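Protein chains: 2
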Amino acid sequence: MDRIPILRMGDALLVSIQVDMHDQLVLALEEDLTNRIAATGARGVMIDISSLEIVDSFIGRMLGNIAAVSRVLDAETVVVGMRPAVAITLVELGLSLPGVRTALNVERGMALIRRARA
Amino acid sequence: MDRIPILRMGDALLVSIQVDMHDQLVLALEEDLTNRIAATGARGVMIDISSLEIVDSFIGRMLGNIAAVSRVLDAETVVVGMRPAVAITLVELGLSLPGVRTALNVERGMALIRRARA
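In order, the protein sequence lines correspond to chains A and B.
Residue numbering for the first sequence is 1 to 118, as defined by UniProt numbering.
Residue numbering for the second sequence is 1 to 118, as defined by UniProt numbering.
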C-alpha cells in the first residue's frame, strides 16, 4: 500500500484511514489531497478515523496539516468517526486538534460542509 | 486491524478495501455488513477497490458472497473504483464477478443505487 485512496462525494473528498501511517504515507496523502482539491474544486475534506484506536501527536499533527493546507485551498476539513476512547485520550494528552472540525459520522460531516459553504 | 470500517452515506453503505484480506477479515466484514444493512435499512452497498492492484479468485468470491447476501437483505451491491489493469486481469482470468454490478467511482455508484431503487 503506497497510497491512501481518496473518494469523491459531491463537493467533498473522503479519506478513510485504515492503515498505520508513516512519514512517507502522510506526505503522499497530503500531496494527493491537495492535487485532488485543486483538480476537483472540492469544498470539503472528510477524514474518517473510525478504524483508529489511537490518535497520537503524529496523527494529530497530520490532521492539523491537512486542515491548514486545505483551508488555503478554500476547503473545510472535518474529521469523522472518532471513537469515544480516542476523544478521551486526546483531551488527556492535551491535543485539541486546532483548526480541525469534527463530526460524529460521514453524514453529519457532509451536512457540516454544506452548512459551512451555504 | 481486525475490522474494515463501514461508512453510511444516505441510503447506502460504503466499504473501502485498503488492506490485504484474509479469511477472518472477510468473515468479519460479511458479518458486520449484514448487521449494518439490517440495522440501517440500507438499500445499497458500495465496495471501493481503488487500492487493490490485484483481484484474484479469493477477492472475487468475497465480492460475489457479499452481493448475494446483500441481495437477500434487499440491498444492491456495486463495486466501484476498479483499476483498468484489474479489469483486464479479471477478464483474462475468466472471472466475471457474477451478480456484482460495477461503477467507475463512488458518485456513479450512488447514482446506480438510486436508479435501481427508484
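Incorrect hints may have been included.
Residues from chain A that keep clear of chain B, each with C-beta distances beyond 10 Å, as calculated [as the list claims (entries may be wrong)]:
no., residue
1, I4
2, P5
3, M9
4, V26
5, A28
6, E30
7, T34
8, N35
9, G60
10, R61
11, N105
Per label pair, the in silico range of CB-to-CB distance [said to hold, decoys possible]:
no., chain 1, residue 1, chain 2, residue 2, range
12, B, S57, A, G99, 18 to 26 Å
13, A, D20, B, D23, 31 to 39 Å
14, B, N35, A, L27, 33 to 41 Å
15, A, D74, B, E107, 17 to 25 Å
16, A, L104, B, N35, 16 to 24 Å
17, A, G99, B, N35, 32 to 40 Å
18, B, E92, A, M21, 33 to 41 Å
19, A, N105, B, E107, 36 to 44 Å
20, B, E107, A, R71, 33 to 41 Å
No wet-lab data here; the hints were simulated from the structure.
The model shown is predicted, which means the values in this text are computed figures rather than measured ones.
Even glycine gets a Cβ: it sits at the ideal position worked out from N, Cα and C.
So, going through the hints one by one against the coordinates:
1. I4: For I4/A, whose nearest Cβ neighbour in chain B is about 7 Å away, the distance does not exceed 10 Å, so it is violated.
2. P5: violated (5 Å)
3. M9: Nearest chain B Cβ is 6 Å from M9/A, so the label is violated.
4. V26: Non-interface label stands for V26/A: nearest chain B Cβ at 15 Å, farther than 10 Å.
5. A28: With a cut-off of 10 Å, A28/A remains clear of chain B, as the shortest Cβ separation is near 13 Å.
6. E30: Since the minimum Cβ distance to chain B is about 17 Å, E30/A lies beyond 10 Å and the statement holds.
7. T34: Holds, since 19 Å exceeds 10 Å.
8. N35: holds (15 Å)
9. G60: At about 20 Å from chain B, G60/A clears the 10 Å cut-off, so the statement holds.
10. R61: Holds: least Cβ distance 22 Å, greater than 10 Å.
11. N105: violated (7 Å)
12. S57/B with G99/A: 18 to 26 Å: violated (46 Å)
13. D20/A with D23/B: 31 to 39 Å: violated (22 Å)
14. N35/B with L27/A: 33 to 41 Å: Holds - the Cβ-Cβ distance for N35/B and L27/A, about 37 Å, lies within 33 to 41 Å.
15. D74/A with E107/B: 17 to 25 Å: holds (21 Å)
16. L104/A with N35/B: 16 to 24 Å: Holds - the Cβ-Cβ distance for L104/A and N35/B, about 19 Å, lies within 16 to 24 Å.
17. G99/A with N35/B: 32 to 40 Å: holds (36 Å)
18. E92/B with M21/A: 33 to 41 Å: With a Cβ separation near 35 Å, E92/B and M21/A satisfy 33 to 41 Å, so the hint holds.
19. N105/A with E107/B: 36 to 44 Å: violated (19 Å)
20. E107/B with R71/A: 33 to 41 Å: violated (24 Å)
The earlier numbered hints that this structure contradicts are 1, 2, 3, 11, 12, 13, 19, 20.
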